[in-house]
Each structure stands twice: as structure tokens, then as C-alpha cells.
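4 protein chains.
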Amino acid sequence: MSYLTEESREAIDDRNLRTMWDVHDQWSSPDTDLEPYLWEWEDIEASLRTIEEEAPLEDLPQGIRRSLALRTPGSDITSSTIAAFYQTVTPGEVAGAHRHNVGAFRFVVEGNDKMYTVVEGEEFPMEPGDLILTPNWTYHDHENQSDETAVWVDVLDWPFIGSALGAPIFDNHKEFEQPVDKEQGYYNSQFGTMRPANDNASRFRDTPPYRFSWEETYDVLTTAADNDQAYDPYNGVNMEYVNPETGQGPVMSTIALRQQMLRDGDSTKTHKHNTSEIYYVVKGAGKTEVGDETLEWSEKDSFVVPPGKWHSHETTADESVLFAMSDRPIFDAFNLYHEERKDE
Amino acid sequence: MSYLTEESREAIDDRNLRTMWDVHDQWSSPDTDLEPYLWEWEDIEASLRTIEEEAPLEDLPQGIRRSLALRTPGSDITSSTIAAFYQTVTPGEVAGAHRHNVGAFRFVVEGNDKMYTVVEGEEFPMEPGDLILTPNWTYHDHENQSDETAVWVDVLDWPFIGSALGAPIFDNHKEFEQPVDKEQGYYNSQFGTMRPANDNASRFRDTPPYRFSWEETYDVLTTAADNDQAYDPYNGVNMEYVNPETGQGPVMSTIALRQQMLRDGDSTKTHKHNTSEIYYVVKGAGKTEVGDETLEWSEKDSFVVPPGKWHSHETTADESVLFAMSDRPIFDAFNLYHEERKDE
Amino acid sequence: MSYLTEESREAIDDRNLRTMWDVHDQWSSPDTDLEPYLWEWEDIEASLRTIEEEAPLEDLPQGIRRSLALRTPGSDITSSTIAAFYQTVTPGEVAGAHRHNVGAFRFVVEGNDKMYTVVEGEEFPMEPGDLILTPNWTYHDHENQSDETAVWVDVLDWPFIGSALGAPIFDNHKEFEQPVDKEQGYYNSQFGTMRPANDNASRFRDTPPYRFSWEETYDVLTTAADNDQAYDPYNGVNMEYVNPETGQGPVMSTIALRQQMLRDGDSTKTHKHNTSEIYYVVKGAGKTEVGDETLEWSEKDSFVVPPGKWHSHETTADESVLFAMSDRPIFDAFNLYHEERKDE
Amino acid sequence: MSYLTEESREAIDDRNLRTMWDVHDQWSSPDTDLEPYLWEWEDIEASLRTIEEEAPLEDLPQGIRRSLALRTPGSDITSSTIAAFYQTVTPGEVAGAHRHNVGAFRFVVEGNDKMYTVVEGEEFPMEPGDLILTPNWTYHDHENQSDETAVWVDVLDWPFIGSALGAPIFDNHKEFEQPVDKEQGYYNSQFGTMRPANDNASRFRDTPPYRFSWEETYDVLTTAADNDQAYDPYNGVNMEYVNPETGQGPVMSTIALRQQMLRDGDSTKTHKHNTSEIYYVVKGAGKTEVGDETLEWSEKDSFVVPPGKWHSHETTADESVLFAMSDRPIFDAFNLYHEERKDE
Ligand SMILES: [Fe+2]
Ligand SMILES: [Fe+2]
Ligand SMILES: [Fe+2]
Ligand SMILES: [Fe+2]
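Chains as they are written, first to last, in this note's numbering: chain R, 1 to 344; chain U, 1001 to 1344; chain A, 2001 to 2344; chain C, 3001 to 3344.
Simulated from the structure, these hints should not be mistaken for lab results. Among the clues, some could well be false.
As the list claims (entries may be wrong) - The calculated DSSO-like cross-link candidates involving lysine-lysine, where the alpha carbons are at most 30 Å apart (straight line), are:
| id | chain 1 | residue 1 | chain 2 | residue 2 |
| --- | --- | --- | --- | --- |
| 1 | A | LYS2269 | U | LYS1342 |
| 2 | R | LYS272 | C | LYS3272 |
| 3 | R | LYS174 | C | LYS3272 |
| 4 | A | LYS2174 | U | LYS1309 |
| 5 | R | LYS309 | C | LYS3272 |
| 6 | A | LYS2272 | U | LYS1174 |
| 7 | A | LYS2342 | U | LYS1174 |
| 8 | R | LYS174 | C | LYS3309 |
| 9 | A | LYS2269 | A | LYS2174 |
What the hints assert, rightly or not - Covered, in the sense of this in silico footprint (three residues per stretch, anywhere, with C-beta under 8 Å from a C-beta of chain U), are these stretches of chain R:
| id | segment |
| --- | --- |
| 10 | 15-23 |
| 11 | 213-226 |
| 12 | 241-247 |
This structure is a prediction, so every number in the text was calculated from the model and none was measured. No residue lacks a Cβ here, since even glycine has one placed at the ideal position from N, Cα and C.
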């Protein structure tokens, strides 16, 4: 579309100006070209085995992780704001220490109490279902001191900070492995029922280093289910991880994390929203309808619900638990969240 | 002081008017007539035994507790804002269920896991050192199902709400013992690392019902001490109980609660403030200088540091722990807190 | 009521202890002994003339104002939290400079642009209907450079801070009149539509020095009325002064100030609350039912609605404007506000 | 860089997975390819005259504005978050009514009191230097009822919401010109020194419709300069527009707006930051060093300081005023702002 003569267009272009109708289309339609997708654990696992063999960690630079990004069809990464990976570290390997203003967390697929993520001087054990925060600008490395290969889901707000804002900063620790100078449990103890008096300034840019053990997570989730609390017809029993400093969600300023429990026979109503949801299947099996597609999931799979797609969930197992990752906090920060619900 | 004729004074008085110089003195000097005082456990215990014998709970109305208020010399209660009591319930007795807009908590002197405070449907066991919140407008009763007499420190913002603001409201439960419809641990589980998604409105006027066990309290305190955290030269290792909903102090909107640990040989610097401090000795023995007096305390004693008195603490035991109760949150709400420090 | 032998009572008393039933009654009933009262301007004026004659300002100490407190029947001051006065300064007189942690404001009854309240270096003119803030710990003096006697309503949270909290502090300026080093309009200009970038810390403990001119106040009030905004069936068109720094009420942390407009024929519904309301009649005439009494008011009168009394207002003039002063912010700070409404 | 066999790469790719080293580079370096640029008014004006002639508004669809975007070299728009345009409306023309979740404001270059932006039912006159907010989801149209062509700077967070978040929504008003049902001054009157009591919920998603007149802006700026306030060695006298509801900056949740005054002889120190600054020259003339370039500006010019470039400003006129637009609020929302200063 142009209303100008070619000569006029060129004169405008030469002055580093552009007509509004020329830029209009570029930013005027919501993203609709992302497609839902399910990554089956079997496939992921096969690819993890391949990269373990062909790319030993010791051959990689300190800042590079051996991990596989989930690429949503229609994009080159998981969403416009969030990148999700499966990372693997084999016995004896270490993924070296670094920090970045990109915020991240780890959700454990396979691990044990000798597989550590070290964050700001504390070793956090990584057992299945554990959530470990490695927030904005905290040093972290991953050390497998066990005799089993460990795998976890690695999630970062990298596309948002690195690409959308164009502002990533990155810093390798001066040592390959950072020193451990805190006892296990140190950071969690800082955010309990007592705090230093007269000193409520946070030492951290975002949320602190923290471990949410699966044991506690599952306990809170079943207590809520047993007391008929936190039920949401669009999500099931819907519990949110909170920032340990404030007791409020979201747990990170850019990413909200929830556990959704679907009990025997549960199916949710259908809604859509302008935010992205990435799911990891912690427990059970079931189906998610997204737009025209049906994603059939079981344990350790991941799937994506892109923005603007109608979706609903259903369990086919007695009990399913879905770990939900959403970029809604970014939208909420600017009052941009938009949701539509069917059947209301 | 008057500048008026007697006739003028009377005419003014008849119109329900008063000259400013007439009211001036009444409100222009800080309270200075309160004196420090130490209540020794031996004396308290003797008086508790007396009232147990002479006033069985079953003879008292539902709203009345069998307890002894600490009267600070110069006042008729502990401070202008806070009333502290020692309450006793013998085996088989029940102090009946009621609620009030006065906020309260209990800190256990002698108890066990069959001595319960029931708050809003949950039984909270009362073991020595436990802190149980029975906040503003929550139903609570105390039931001794053990075979030992229980004693605790009962603290309320009653003088502030009942007298200063003149606004107490009170309500007996329709049953003498409220029904128990929650499992033990229910309320604490509501304020952990996960919360219902999309629902962050509090159900409570102030802080929620909650139990801070001594085990956890002492653990947090020693972790802080071991890591050289939270040290304050005027208070020792100084950890504050936080509101479980927000992770921030004060734990109640009117009263701040802290544990102050004095380690072997510790003595604090001297300061004074316009707020009241009431202390209960959880552990150890030592001395507190207040104004011209020296209070020598040991376990289960209480003492008061009235507003405006210079004071410092010193442990004579290897380790002392003082439970500190302060009305500072009322002063902070209006930017009225004032402190002076010696030796700075 | 006692359950103890006389000997037991004495032993308890000797230890500075008191039984709970002994203190119970003292703090367990809301204040109900305060009575509504109307102070007519004619009477106030007569008494002001008396004190002007008999007590020239130059005979009074620097910290003393020549003013008359409103004494609510059943109390020795206006309410348990607020003291309201009418103050007078005759041509050429100065009420000297001091500050206090008690917060105050002035609402002008009679004045002009040569009658100044000087606050923190700026002269604020006092014309009828103007509201001047002299907040917590700001130096202020009153200088009548005109040839007319000025009168204003002086209101302070003195009973709350001085008596209930027992914590007043007071400081005379080293000079009788503080130096004027700011241009008129300086403080108001600091809280407009632009503020210093990267610097949003307040320099003031509470609200800043500020003048709300009657011209602007009346304009905002009539705009609201004309647009059918801010109507409250219990108060009429009900606009609240806001803290200039935040745009939110209450204007002071202890006292909320509102203007209530009753338009031709307006009468309000009946409610009661546990907070005190003190009214000054800016404009018009009407009636207020309080409990069993009817207060008939006209311009420059004041009246009090004590806590817990049912009340409603009615205008008999074409338009009435009532300036309402309430201690509700103190109650809101601790979630203690309680209201009941008739006819709902 | 690859560590895998071609066959392995393809297998991974087929599963919609990507190795981390493959995506790493894409998001790991801050944007450094944007170049500073100055758009001179003379050139802009010539291009505006061209589009006025060749593209009458009546030939354009309702949602299209006749405006020219500033394209920063290295990008296709002004910054990764903000788009700035110069828009023109000739006598009798109307740019039709629409709304969008993209937030916008207008800063007037040439206009008068018959040139209106209509926002949510109120006509806001557009005189030179006025700032008019047309925030997130408010209907707005532009109507030139004068006999002079009007020009203003149009600024939107369109690249952020439309492209980075992929979430623009847009809605034409059902009528080409929205009805005017508010008096002039209505919205500004809502955010003055009084607000409706008991009703502090905002009706707006972000900031409200509002007009900051140049007269008031310049007055506040000179008052600050005269009182030696708000001086920042990196920006000069640095005053920020605030959100009228809260009195706090930023004025919009995505964009901060400031006026920087450089007085006779002023030059600033040098700093850089990871946020973008777009400048419009309101008054005066001067030079800005950005990286290796010197931008010489005078009235009505615009220029851009891209992220990561060292920069300093200097006035060559007696007094210069720069209107600064920054995306820093987006960075602050996630604790990502980063600044470095020379000479400290
Ligand atoms: Fe969803
Ligand atoms: Fe102290
Ligand atoms: Fe009322
Ligand atoms: Fe800059």
C-alpha cells in the first residue's frame, strides 16, 4: 500500500523516515503463526543420548550448556519470551560457572542427591520434581557427583531479555567451578518464618536462590486438593510457586510457575489468552486440545500452548500433574493480559 | 496557669470550650512515670498456683481467662498499648471460645502436644517456646487434654484498641468449644512456598492463625548466629518473626516480635526509644540495665523496658535468648519511632 | 467481681500482678459516654473576643497558642484521637515558631492574603476556606500582617500522640519568627505534574507543607457534583483531600479530611461507625441527627459525631458544604474500622 | 559451531529441537548495531508537506495516521521498544477514532487551541509544547478545527507490544469521530488535590487521559532551575512527568518522559545505559556527542541515543530544553537497567 509517488518515497527513505502505513502491518496483528507442539520424552531422550556421545562437556566452552531447545513450529525458539531446554550432565561432568541478567530455573526430570546445581555458594541437590532457581545475575554451575546421568528442564527468559529487549549481559565466573561456602539449606533458611530485624532490603535483583523440593510441592498440592482449594475450571487444582521473599507470585518477575493437578476424571473448560504456556508432564497422562490439534501426553513430555489458541486439558490417568510455565508476569507488568473463556 | 478572669473562664467552660493553655500540659510531655520492672518466675508461679486453686475455670464466665497481668509500676497495665499476662490451664480445663478485634498471641512457658489452642477450626499444640497467633477477630479457645498444667504468656494490643482508641469489640462463640474442622498443620500449609494461583486476597484482617514452633525458631536463630547475620549491637543476634502471608515483619500490625540471642560474653550497647519493650526469658540468664536499675533475669522471668529509658543487655550464661515484644509497629505506622544511641 | 480471698489479692498485688477479671472491664466496652455537641459560631466568637482582650499573644510563651478547644461532653477534649480548636490572631500579632511530632492543619474561618502561616520557610496566605498543612515535625508560626483579626480551626492528632501513645515531642524554633526563604507557591509547585527524576524519596515524615485554596477546593467539589461523581448516600457528594505526594487519601496519616456537599433538598441515609467525625460548616445551613439529638447548624459552627452514634445529615439551604475531619486512618492502619448502615 | 554429525543435527531438527550452541549467539550480545541519528526539522517538514499533498487523510483508512516514523540506522524503527513519528493534520481534516493496547502520547510541535485530540470524550487542545496522553485502550481521534496545519510528535510502545510481545490489539470506534461528552478540563480535574472518598480504584489500564500544558511544564522546570533542584550531572535540570493518579513516575508504564533544561554554558558528563533515549528539541540549540558522532540540534529536531552508546549534551544557546523519551520503565520492571558513568 502506498499513496506516494516513487520519487517521494525515496526522498523520505533517504532521510531515515518511513510513512506510518509502511510500518503499520508489521506490528498490528497478534502472533498467530505459532503452532502447538508436543515433544515426547522418548524422542528427547534419544537426542540427549546423541549429544552426550558427540559433545562431551569438556569439549564445550564454559558458557555453553549441553542442552536441547524446544522449538515451537512457526518460531525458532519456544516462545517470544521464554526458551525451554532439556539439559543433560553425565556422571563426573560439570557445566561451568557463569551468571547472566537472563533469569532461569531448573525443573528436574532425572536426578538424585549427588547431582548439584551450585548457586551463589550453595549446593542444591536435584531430585526429580525439584525446582531450583538460578535467578538474574546469580552465579551457577551444575556438577554431577553421582553415577547416574541427570536431566532437567532448563527455562530462561532469554528471548525476552536477549532478543526483544536486546540487552543480555553475561559473565563467566573466574573459576570453572565456583567455591561452595554455604551449608545446604542456607538460602531456604533465609526466607522462613523469621528474618533479620530492621533489615528487609533484598540482596537479589529478582527472586533469591532457592530450592522447592518435590516432596513439599506435592504435599502442598494434595493438601489443596483434599481441602477443595485453588480449583480453577480452566486449569484444575492450580497452585502457584511464590517468591520466597514476599510470599506472592510470580516466583520470577518474568515467568510464573504453577502446578496443575487433574484428579480422576477431571477435564477443564476451554479458554485462550495472549500469553504462552509451556507444560512439562510431572505425573500421569492425558490429552490437551489446542486449536484443532490434540496433544496426547505422558510423563516427562513437554508441550506448548501458543498465544491465542483455545485450549483445554483432560487426564486419562487417576491423577495427573502438569508443571506450567507462563510469561504472564511480563504482560501483567503493563496491564496487557487478555483472556477469553468459553462456556461462561 | 491562667490569663483569664474567673468569670471569663466560667463562660468559656459553660460553652464546652477550653483554653489551649489549659489542655497543653496534659499532652505535652512524654510518659516518664513508668518504671522498669522484673517479674520473677518464682513469684509468678506462686500466684498462678493460687488462682488455679481459688478460681477454677468452670467458675469463670466464657470470656474471662484465668491469667495474671504484668503491671508496670506507674501504670495499671504493662504499657499504654500492650497487655501481657501469664495464663494457666490445668488438666481437663477449657478456656472457652471467643473472638475480639483486639489481636493476641501466646508464647508457651510450660506445655506439651496435648495442650491445644484452637484457632478457626485447627488445634495448635503448645510446646515450650512455641508462638501461636490468635489474631484480630479469629475465634480461639484453649483446651488442656494433657495431664500437666500448662502456662503461657498471653499478649494483646488491648490497651491500645480498648482504651486508647476506645473501640474494642468482643464476641463469644455460640459453643463453649468451637468445632475442630481442620487437620493439624492446615494453616501453616497455606503460607508456604506455593499459594493458590490468581487468588492473593487475604481471608484475615491482620495476620493469619499460625504456629511458629520453637524447634524451627531456634534453628533459624542459630543459623543466623553461625553465619554472623542479623547482629545488631543494641540487641544481639536479632531475628524478627514475619507475617506468614508477606514474609515481612511485623508479624502483627500492632506488635513486633523478635528473638534476641546473646552469645557467650555478649553485652549490648546502650540505647533508648519511645516504644515499649516487654521481654520474656526463653533461655539463659543475664542482666539488663534500665535507667538506674539492674534487672537480673533467668528463665521464664519477664521484664519491661518502659519508653524513654536507656537500656542495655548482658548474658551471664553461655547463651541467652530473650523473646522481645514491642509496640513499634504502631509508631512506625505514623512515622513516630524515635531512638537515641550511646557510643556512636 | 473477685474469686480470690483478700489475702491472695494482696499477695498478687504486691508482686505487681493483676488478675485478668480485674482489668477486663476497663478495656472491654467501646466508648459510649461521649455525647454529640454543636458549638455555635456566635458563642465561639464571643469567647474568642474575650481571650483576645485578656490574653494578648505577647503575654503568652512561644509554644502556647491563643485558642479554644472544643470539648465533647463526656470527654475533656474533642475525641480520643483529635483535638480541634478555634485560634485567633489579631492585627500585628505573631504566634511564634515551633514544631512537634503531633501533626496539624488549619482551616480558615476569617482571614485574608496578608494573614500568613509560615511553614518550613514559606508564607502561606490564609483566606476563608483555605486548608494549610503544618505536618509532623515542620516548623510553623502564624503572622497577621493585615489589619483584620483572623480566625481558623486548628486541628491536631494531639490526644492520640500525646496521650494515647504518650510520645509527644516538641521544639521551639531558635527564633520567634522563622526566616522566610521560599517564594510563595514553592511547596505546591513541588507536587504537581512533574517531579525531580530519579529522586522520589520524601523529605517529610508525613505529608508535606501545602495549601489547598478554597477556590480550587470549591471548583473540584462543584465539578464532581455537576458530573454526578463521588456521591455517597451517607455523606452526600464526598470528596477527600489527598496527600500531594501520592495522590491518595488520607491527606495526613492520622486524619482524613473531606468536603461533603449537600445539594438542594439532599438528606443522607443513617449510619454509624467506631471513628469520630468533627464537622465545620463552610457553607449553608442544615440539620444533623445524632443519636437522639438534632444539631441545627449554620456557617462557621462546628459539631461532633462521637463514635458509635447513628447519624444523618440534611441541608435546609440551597447548598451546604461540611468540612469533615475523621480519625479513620488510625483505625484503617490496623483494620479496625467498623461501620453499620441503616436501610440497606 | 557444531559438535554433531550432520546426521545427528538433522535428527534433532526433525524433532523440533535445537542444540543450545545453535541458539546461543542469537541472544547473547546486546544490540550494538543501532547508530545515533539526528532528524532535522527542515527535512521532516519537507517530507510532511509531501505527504500532506499526496495523501489527504480522507483517502486513508480510519486506522491509518498520516505520519512519518523516525528510523534509527541499523533498525527499521526508532528503537526495539518505542516508535516515534511526526504526524500532520491540515485544517478541516480529522484522523479517525480508534483505540489499541499500544500506549501513546502526543507532544505538540505546531498547533493551537482549535486543534484537538479527543480522548474518551474530552477535547484536549494542542498548543506547542503540550503533552497529551492517549493511553492503552483509550479511544482517540485528532480534529483540526483551526485554519493552520498542526504537527506533533506521536510516540508509541508499539515495537514492544506489537513486535516483541506479539500482542497488539486494535479497535476502530464505531463512529469516525467519537462523541464529545466531557467539558474541557474534565480529566485533569479528576487528578488534583481532592479525589472521590472511598473510591481509589483506577478506571484506566495504565495512566489516565491527561494534558500537561507547556505553560505549566515550563513553569515547573524554571522553578526547579531557580531553586537549584533536580540537577543531574548527566542530564542537566532533570524533571520527570508523573502519572497523575499516583504522583510518581514513569508517566506511562512503558515510557518515561522528562524535560532536561541546560542553562547557559551547561554541558553534561558522559554516561551510557542499556535503554534507548529519543530526544525532541523544545527550545534552544546545542550539541550531543554520541559514540563517535556529534549531533548538532536546534528547535523541532529529533535525535536518538541508541542503547550502549556513551553520550553527553551541551547547550550553545542561553537555554535549551530537551524533551526526553526513554524505555527505561520496561527495564526497571525487571531490574534490568544498567548504566555506566565516566568521570566518577
Ligand atoms: Fe491456559
Ligand atoms: Fe531496645
Ligand atoms: Fe459518618
Ligand atoms: Fe542518557
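Problem set entry | Hints breached by this structure | 1, 2, 5, 9 and 10
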